[in-house]
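*Asks:* So the chains spell out like this:
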Amino acid sequence: GAVVSQHPSWVICKSGTSVKIECRSLDFQATTMFWYRQFPKQSLMLMATSNEGSKATYEQGVEKDKFLINHASLTLSTLTVTSAHPEDSSFYICSARGGGDYGYTFGSGTRLTVV
Amino acid sequence: AQSVSQHNHHVILSEAASLELGCNYSYGGTVNLFWYVQYPGQHLQLLLKYFSGDPLVKGIKGFEAEFIKSKFSFNLRKPSVQWSDTAEYFCAVTRGSGGSNYKLTFGKGTLLTVNP
Numbered sequence: 001g002a003v004v005s006q007h008p009s010w011v012i013c014k015s016g017t018s019v020k021i022e023c024r025s026l027d028f029q030a031t032t033m034f035w036y037r038q039f040p041k042q043s044l045m046l047m048a049t050s051n052e053g054s055k056a057t058y059e060q061g062v063e064k065d066k067f068l069i070n071h072a073s074l075t076l077s078t079l080t081v082t083s084a085h086p087e088d089s090s091f092y093i094c095s096a097r098g099g100g101d102y103g104y105t106f107g108s109g110t111r112l113t114v115v
Numbered sequence: 116a117q118s119v120s121q122h123n124h125h126v127i128l129s130e131a132a133s134l135e136l137g138c139n140y141s142y143g144g145t146v147n148l149f150w151y152v153q154y155p156g157q158h159l160q161l162l163l164k165y166f167s168g169d170p171l172v173k174g175i176k177g178f179e180a181e182f183i184k185s186k187f188s189f190n191l192r193k194p195s196v197q198w199s200d201t202a203e204y205f206c207a208v209t210r211g212s213g214g215s216n217y218k219l220t221f222g223k224g225t226l227l228t229v230n231p
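These protein sequence lines are chains A and B, in that order. Numbering-wise, the numbering used here puts 19 at position 19 of the first sequence, and it's gapless, one number per residue. Basically the numbering used here = 1-based index in the second sequence + 115.
For the record, the hints were derived by calculation from the structure and aren't laboratory data. All clues given are correct.
In the DSBU-like style, the derived pairs of lysine-lysine whose C-alpha atoms are separated by at most 35 angstroms in a straight line are:
#1 A:K14 - A:K55
#2 A:K20 - A:K66
#3 A:K66 - A:K41
#4 A:K41 - B:K164
#5 B:K164 - A:K64
#6 B:K223 - A:K55
#7 A:K20 - B:K223
#8 A:K66 - B:K164
#9 B:K184 - B:K173
#10 B:K184 - B:K218
#11 B:K184 - B:K223
#12 A:K66 - A:K55
#13 B:K223 - A:K14
#14 B:K184 - A:K41
#15 B:K176 - A:K41
#16 B:K218 - A:K20
#17 B:K223 - B:K186
#18 A:K14 - B:K218
#19 A:K20 - B:K164
#20 A:K41 - B:K223
#21 B:K218 - A:K66
#22 B:K173 - A:K41
#23 B:K218 - B:K164
#24 B:K164 - B:K176
#25 A:K64 - B:K223
#26 A:K55 - B:K218
#27 B:K184 - B:K164
#28 A:K64 - A:K14
#29 A:K66 - A:K14
#30 A:K20 - A:K64
#31 B:K186 - B:K173
#32 B:K223 - B:K173
#33 B:K218 - B:K176
#34 A:K41 - B:K186
#35 A:K41 - B:K218
#36 B:K218 - A:K64
#37 B:K164 - A:K55
#38 B:K223 - A:K66
When you get a sec, could you build the whole thing from the sequences and use the hints?
*Replies:* Here it is in structure tokens:
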């Protein structure tokens, strides 16, 4: 079945530094990728939608200059959290969509802790 | 904007008990509906989905869900739960056509604990 690999699974960084999270579709071409943020005991909140070769579409309230998304190929999307601060600490999940049956495959998530 | 409500934050059952998790959505047009499960330490996995046709949908691991359009509901059921069903369950919806309607909107999730 479709597999999405997300790395790293956890990362700790110092405040003010940048962190890159990768999301790869391993056995299918992902025409669209989604980035979510999940707070403890809360739902997945969509941050942005990216289509290969075009700029990402950010949800209202998400700072596009802080959360840089690149979808340079049909199998790779990256999320870079720039100048991270403790309030950016969260669980980030990517999802890839490919094919015609509304199939969404999720990565295993990245736990970001900013100290 | 569409929204999804899951009524139960935490459900605790004993093995062999029956399960029903509620899910309601707010969008009045055509929708596609999903239930996902997240086992501890693992990624989200699709349990079942509804696009059209028979409103009673059967998924993996003995789960089923019924789409009741008049109630804007898509409740998840299982007649007899097992300890291994302990997980968090998310209901999600997309609008029923393409483009930006591919965006999934999730409910807040229901944590199911099954005691042996």
